[in-house]
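Going down the list, the protein sequences come from chains A and B.
Count along the first sequence from 1, add 13, and you get the number used in this note's numbering.
Count along the second sequence from 1, add 13, and you get the number used in this note's numbering.
Hints in this document: simulated from the structure, not taken from any laboratory.
There may be inaccurate statements among the hints.
Which copy? The list can't say, so a pair holds if one copy fits it or any two copies do.
The calculated SDA-like cross-link candidates involving lysine to any residue, where the alpha carbons are at most 20 Å apart (straight line), are [claimed, not checked]:
id : residue 1 : residue 2
1  : Lys440    : Gly111
2  : Lys187    : Met14
3  : Lys29     : Thr184
4  : Lys195    : Thr363
5  : Lys187    : Gly329
Okay, here's what each chain looks like letter by letter:
2 protein chains.
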Amino acid sequence: MSFFTTHEELLHQALKAIAERTYWSAYPESPSPKVWGEAAAPAGKAAFEALLGNDFPLPATGATVAPEQSPFGIELNVRYPRADPDTLVATAAAALPGWRDAGVDTRTGVGLEILDRLKARVFELANAVHATTGQPFVMAFQAGGPHALDRALEAIAYAYAEMTRQVPAATWDKKGEVFSKKFTVVPRGVALVIGCNTFPTWNSWPGLFASLVTGNPVIVKPHPRAVLPLAITVQVAREVLADAGLNPDVVQLAVDTADAPIASDLAVRPEVKIIDFTGSTAYGRWLEDNARQAQVYTEKAGVNTVIIDSVADFAGMCRNLGFSLTLYSGQMCTTPQNLLIPAGGIETDTGHKPFEEVVGGIAGAVAALTADPAKAVELTGAIVNPGVLDRIDGARSLGEVVLDSNTLAHPTYPGAVVRTPMIVEAKHGYQQECFGPVAFAIATESTDDSIAIFRKVVGEHGAITAAVYSTSEDVLAAVEEAALEVGVHLSENLFGNVFVNQSAAFSDFHASGANPAANASLTDGAYVAGRFRIVQSRRPA
Amino acid sequence: MSFFTTHEELLHQALKAIAERTYWSAYPESPSPKVWGEAAAPAGKAAFEALLGNDFPLPATGATVAPEQSPFGIELNVRYPRADPDTLVATAAAALPGWRDAGVDTRTGVGLEILDRLKARVFELANAVHATTGQPFVMAFQAGGPHALDRALEAIAYAYAEMTRQVPAATWDKKGEVFSKKFTVVPRGVALVIGCNTFPTWNSWPGLFASLVTGNPVIVKPHPRAVLPLAITVQVAREVLADAGLNPDVVQLAVDTADAPIASDLAVRPEVKIIDFTGSTAYGRWLEDNARQAQVYTEKAGVNTVIIDSVADFAGMCRNLGFSLTLYSGQMCTTPQNLLIPAGGIETDTGHKPFEEVVGGIAGAVAALTADPAKAVELTGAIVNPGVLDRIDGARSLGEVVLDSNTLAHPTYPGAVVRTPMIVEAKHGYQQECFGPVAFAIATESTDDSIAIFRKVVGEHGAITAAVYSTSEDVLAAVEEAALEVGVHLSENLFGNVFVNQSAAFSDFHASGANPAANASLTDGAYVAGRFRIVQSRRPA
């Protein structure tokens, strides 16, 4: 049975889900032994630990590098083959014709089989994501495993739908002139995926699998601090390709170091026709400006904004926002940064609250979640890199510190760098992204003024997420209109267990491509349609 | 009954056709009175003539311009409002929110109704296309009318499918957390369509209607020598918008002159987010390089190539290629330019033919088609602009002239500039596009050498079309493989009434976007998916 046949039913469920966009998930998000069996977690941990201090099992070219630094201080020392751009590009280009000629179903089947085998290694991946990103373990499991698998499956479903929206062959008969026509999906060229430090699988897999199944050989260039999750991915992909009788070089790993980066070298190669990047605005813009030979999909940074107008459940809002600010110490591209609150305060279910009490309520929720270090670190995780620490220090000068960032000791990892979120009542400096555990409470003249600031800041600098709290349908409608205009997805009145920084695959779009924070969305038709072309031939029948 | 309801059945037929890609057409291509009624042709001609020498009926801003010069010498002198870029962009931007909020079905209905009313003015349009482009009348009717309408309908169908691939709203229920979600199609911004001299409707309508129904107000900037067909288009669009109770400024006409062009000014405005352009490679590249704020769709130029290996119907091949070279005196972006023929000749149904006889056979077919001036001009039409004449002169120096270009007198239009096709046995200079009635016969070492030249020239310079003649399945397979690699659509063994320079809407893709001749295809998913974004909101249900 072909891989395609094996997974065809799952594919059709996913195709249905992307159209209906109700709740659906293909991979269980709970790490519970009830779901995965008692042996899964310890076996995954053991598999992860067996990789540490060793040469990673991929074809070696001689020299190796071991660039990773765990935010928890876990000793990794996994050695990867040092990548040579010339060889990578030439090898990928040589693999293209065979991968193209494998056809839509074979390529899609390979993609789906890779996901299935990644699922089988989900606890090993969770440990790798946890260790390299600083994410708390449960989050590393969920976001790095099932949620990333869902997003990858979603990308495959979109790509399959796009490739098969017309027949592969047709007979054309115009008044007796009869022609046989073939419509072949052809790849754009070599695809490059540039991973990020914080979400190596979740942010890289959609582009990787979208490029892959549309026929493009893929070079995977992880962030040098978060290589292992993508090295496992490439290893699995190559195994599946080989098992399918195809060239494993269709997927290659390109590891570099902070001192000798190779992304820019790869990005401007004429053979490279697709680039997926998640990371800083500066580098995303560099790619957009310089990799002109390629279709470039970027998720950069933005100023995620919450407009607080009035609220029917003040405690629920504080809990909900407090959790969003605390999760992974605010190191998500979706974490709220700017809290726009009228200086005159707001109406709530427990009466009028002055501005200070609104900010204090949110700060109190954060403080409660981070009071016990042992519990706190299971939400905050660790600080991903030193740049984040610098921003915490810098934020203190932007206004009055309502809640300061604390250093916590991690009960398991003595070397972990843990910081709790801070909230600054800012008068200036909040128009730029300040990535990390920093939120700004901004006193506005009114909700109208909040909306005006939202339009201006998000319009100019972009945002991945936005939220509003209001009991007024008129205000909600006005914010919805503003969100359409600046092109940002909006969450309204979140009190429970859905958080503004979380998007659900198959229902929520992640980023929109309609504001400066990202030029593409995970995942829609535009995200996949440009990754291939259709080339036709016709002859008399 | 809404416009959408009125035309919904047609839309669903078109949606079926773009998936099945068998023969289908929505608009009859014959100009016969049996189809359109006895009155249609004379009424259309009278309507066209009534426009000449007058102010075109569109809102005026004071000054007017009359930039058109008919290749037939027809006195046009239609005066159009002189366009002011500041006003056009501001007016378009102001029309955006209302057009966006009209919604998918309303916008699609408006697009379909515009096509219906253009159909009703098809003879008037045919006269306008004929007079401004130099196309012979029947071709101006077909390519400028029904075929252009088919391509526009195809673009609307693709856009509608893309906008509706997910539900507009959904209820999401994850273990009791229930959310209402809305998914809104939002436009990218203001769209600019830059028309060409040769096919003002056929090449402009797909982009115009794709941008329009996806919510973008459109500024239509015709080529200054071919304004009238697009002025009629804009007039009809504005009438339909007004009849639907919508702002007619959603579609605006921007007329300029060769001396004071405004396309570049418009193209780099920050509000302009989509540009469709058909024309020269130089200006297409300028747009791609400079209009960085916009999604730019270009159809530029290429080196259309025919590989002649062996043939089962030599006379049929010569007739077919002779017609392709003669039609509109080679002024189609799809006209073959390079004829690659082994120097040692080819095998045919009438025995071995030396190189000279193969070229002579094709030249003879052209000569036969152009022997009688009265019949010839109904195929060649007139030369669209002086640049083409310069290229005819220049081509004489590139090798031995096998068939020279002749000047013909047009029996109806004394001022017409008519030239017949020339064939040059070229040793060099054929790697560039030579737009106009010039074909190069190139003696190659072998068919393998022909394929190598095809790969190199089309790979580097692009092509819109390619063709091959061979009786060998191996050769056909090798050329198909080469065509996939350089990304060009291939026609094989055309002997009858299907010509390499013609593509049929709903079945053939026009251009591929996979080689330098064009960065997009008429029409596929990639052509429409980037013209809008989806912005979502969610709230507890």
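Evaluated hints:
1. With identical chains, the CA atoms of lysine 440 and glycine 111 are never at most 20 Å apart, being 59 Å at best within one copy and 35 Å at best between copies.
2. With identical chains, the CA atoms of lysine 187 and methionine 14 are never at most 20 Å apart, being 40 Å at best within one copy and 34 Å at best between copies.
3. Proximity of lysine 29 and threonine 184 under a CA criterion of 20 Å is satisfied inter-copy only: 15 Å between copies versus 29 Å inside one chain copy.
4. For the identical chains of this complex, lysine 195 and threonine 363 are neighbours neither inside a copy (68 Å) nor across copies (30 Å), given an alpha-carbon limit of 20 Å.
5. In this homomeric assembly, lysine 187 and glycine 329 come within 20 Å of each other (Cα to Cα) only across copies, at 19 Å, whereas the closest approach inside a single copy is 66 Å.
Taken one by one, the earlier hints fail for this structure at numbers 1, 2 and 4, listed in ascending order.
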